[in-house]
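A.B. asks: Spelled out, the chains give:
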Amino acid sequence: MRHLLLTLILLLNLLPGLHAATLAEYTFDEPDKAEDFRDIIEEMRCLVCQNESLAGSNAELAIDLRNEIYEMMKSGQEKQDIIDFMVARYGDFVLYSPPLKPTTYPIWFGPLIVFLIGGVVLFRILRRKSVTQETELSAEEEQRLNRLLNQSNDQRDADQ
Amino acid sequence: MNRYLRYSIPLLVFVLIASFLAWGLKRDYNPRHIPSPLIGKSIPEFELPTVESPDTLVKTSDLQGRVYLLNVWATWCVSCRAEHETLVHLARSGKVEIVGLNWKDERDKARAWLSQLGDPYTINIFDKKGRTAIDLGVYGAPETFLVDSQGVIHYKHAGPMTMELFNETLLPLIEDLKPQG
Chain A
1 MRHLLLTLIL LLNLLPGLHA ATLAEYTFDE PDKAEDFRDI IEEMRCLVCQ NESLAGSNAE
61 LAIDLRNEIY EMMKSGQEKQ DIIDFMVARY GDFVLYSPPL KPTTYPIWFG PLIVFLIGGV
121 VLFRILRRKS VTQETELSAE EEQRLNRLLN QSNDQRDADQ
Chain B
1 MNRYLRYSIP LLVFVLIASF LAWGLKRDYN PRHIPSPLIG KSIPEFELPT VESPDTLVKT
61 SDLQGRVYLL NVWATWCVSC RAEHETLVHL ARSGKVEIVG LNWKDERDKA RAWLSQLGDP
121 YTINIFDKKG RTAIDLGVYG APETFLVDSQ GVIHYKHAGP MTMELFNETL LPLIEDLKPQ
181 G
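Chains as they are written, first to last, in the UniProt record's numbering: chain A, 1 to 160; chain B, 1 to 181.
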């Protein structure tokens, strides 16, 4: 009995429309437009729940904005028009990837600069290390090294 | 390189990072405060009914010639209730005119709210669909805009209005915007 119930519940999940059906109502005649629509709402932040995109959010405002964008696309507006429309109202914050401009230079180039500084520091440390390793052995050290090497060779011979 | 100088580098890096973190903690940071791109721009064109009557239409041009606060509110918004007393107090003080934008609400509820808690608004615009709110870049009530006599937005506050905010930030701006004489 319990198995039957479980199976039924699992089967119910297969029905289309039970999950994430919120976007199904947006239909387009051209597949290109449908793709553009998806791209746009994926790239935009829902301002109410800031970690969700417009596509993923069920906040009232996100639904309104999805409808608005859908209407704009239906009336023949291009992707860029819609992005401009949204940025004019909600600012760059609405975009998940910030545009390249002086105020966002730190975001775009900061990591590269930190990476380069790290590279320079690493390079200098490694070069200094390799320089110190190339110092000549004194005669005494040479002797000791040979003795140690012979010792380990003898050990290996004995093991075999 | 000087040995002491070299050993002090990690300390310097630590101090740098620590001061950035301290700055981040100390400043009054609120992720809900998103800078509005509408500052310095005109309020959007609209033609909407009022909360009081579906037959009375208000246009953008009707609001010209006065300095006012445009307050976005709704009965479903808890913070709006929290700030309402402040708005009523401000309206009574006569320091500023307050225009309401009732956002995605129901007329009956809005009217009941105003008769119960007091009505600070000289005009109360009824934006049932929330289309004008989208043009204003509204993302959460309450939001308050300071608009001048030409219809240009000078300041936006997201969150409940407080006397402190009004006296310290808005009042000086309002004094500047009001015609001298």
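Everything labelled a hint here was simulated from the structure, so no lab data went into it. Be aware that one or more of the hints could be misleading.
[Said to hold, decoys possible] Restraint ranges, calculated between C-beta atoms of paired labels, are given here:
1) T122/B / L112/A: 51 to 61 angstroms
2) E35/A / G24/B: 56 to 66 angstroms
3) A22/B / Q143/A: 52 to 62 angstroms
4) E30/A / D28/B: 21 to 31 angstroms
5) S79/B / D32/A: 10 to 20 angstroms
6) E30/A / E47/B: 49 to 59 angstroms
7) F20/B / L23/A: 37 to 47 angstroms
8) E52/A / L12/B: 35 to 45 angstroms
[What the hints assert, rightly or not] In silico lysine-lysine, PhoX-like type, Cα no more than 25 angstroms apart, as pairs:
9) K129/B / K109/B
10) K41/B / K101/A
11) K79/A / K26/B
12) K128/B / K109/B
13) K129/B / K79/A
14) K109/B / K41/B
15) K26/B / K128/B
16) K74/A / K129/B
17) K59/B / K26/B
18) K129/B / K95/B
19) K26/B / K129/B
20) K109/B / K26/B
21) K101/A / K79/A
22) K95/B / K74/A
23) K178/B / K129/B
24) K74/A / K41/B
25) K128/B / K104/B
26) K26/B / K41/B
In this text, a Cβ means the ideal position worked out from N, Cα and C, and glycines have one as well.
A.B. asks: Decide, hint by hint, whether the structure agrees.
C.D. replies: Cross-check of the supplied hints:
1. Look at T122/B against L112/A: about 54 angstroms separates their beta carbons, and that is inside 51 to 61 angstroms.
2. For E35/A paired with G24/B, a C-beta distance near 39 angstroms fails the hint of 56 to 66 angstroms.
3. Distance hint check: the CB atoms of A22/B and Q143/A are about 58 angstroms apart, consistent with the given range 52 to 62 angstroms.
4. Take E30/A and D28/B: their Cβ atoms lie about 48 angstroms apart, and the range 21 to 31 angstroms is violated.
5. Range check, S79/B to D32/A: Cβ separation about 42 angstroms, and the 10 to 20 angstroms hint is violated.
6. One distance hint, 49 to 59 angstroms for the beta-carbon pair E30/A and E47/B, is violated here, with the actual separation near 34 angstroms.
7. Checked against the hint of 37 to 47 angstroms, the pair F20/B and L23/A passes, with Cβ atoms roughly 40 angstroms apart.
8. Checked against the hint of 35 to 45 angstroms, the C-beta distance between E52/A and L12/B comes to roughly 40 angstroms, which is consistent with it.
9. Using a Cα cut-off of 25 angstroms, the hinted pair K129/B and K109/B holds, with the two alpha carbons roughly 16 angstroms apart.
10. Proposed proximity of K41/B and K101/A is supported: the alpha carbons are some 21 angstroms apart, at most 25 angstroms.
11. About 40 angstroms separates the Cα atoms of K79/A and K26/B, which puts this hinted pair outside 25 angstroms; it is violated.
12. For the given pair, K128/B sits about 12 angstroms from K109/B by alpha-carbon distance, which is consistent with the 25 angstroms threshold.
13. For the proposed pair K129/B and K79/A, the alpha carbon gap of about 24 angstroms is at most 25 angstroms, so the pair holds.
14. Taken as a hint, the K109/B and K41/B pair is broken in the structure, with Cα atoms around 32 angstroms apart against an allowance of 25 angstroms.
15. With a C-alpha separation of about 40 angstroms, the suggested pair K26/B and K128/B falls outside the 25 angstroms cut-off, and the hint is violated.
16. Taken as a hint, the K74/A and K129/B pair is honoured in the structure, with Cα atoms around 19 angstroms apart against an allowance of 25 angstroms.
17. This hinted pair does not check out: K59/B and K26/B have alpha carbons roughly 43 angstroms apart, beyond 25 angstroms.
18. For the suggested pair K129/B and K95/B, the alpha carbons sit about 31 angstroms apart, so the restraint of at most 25 angstroms is broken.
19. Restraint check: the Cα-Cα separation between K26/B and K129/B comes to about 39 angstroms, which exceeds 25 angstroms; the hinted pair is violated.
20. Only pairs whose Cα atoms come within 25 angstroms are accepted, and K109/B paired with K26/B is rejected, the gap being roughly 40 angstroms.
21. Straight-line distance between C-alpha atoms of K101/A and K79/A comes to about 20 angstroms, which keeps the hinted pair within the 25 angstroms bound.
22. Pair hint K95/B plus K74/A does not hold up; C-alpha atoms about 46 angstroms apart against a cutoff of 25 angstroms.
23. Our distance criterion of 25 angstroms between C-alpha atoms is broken by K178/B and K129/B, whose separation comes to about 33 angstroms.
24. Under the criterion of a C-alpha separation no larger than 25 angstroms, the hint pairing K74/A with K41/B is inconsistent with the structure, at around 28 angstroms.
25. Only pairs whose Cα atoms come within 25 angstroms are accepted, and K128/B paired with K104/B is accepted, the gap being roughly 4 angstroms.
26. The hinted pair formed by K26/B and K41/B fails the criterion: a straight-line CA distance of about 32 angstroms is larger than 25 angstroms.
The structure does not agree with the numbered hints 2, 4, 5, 6, 11, 14, 15, 17, 18, 19, 20, 22, 23, 24 and 26 stated previously, though it agrees with the rest.
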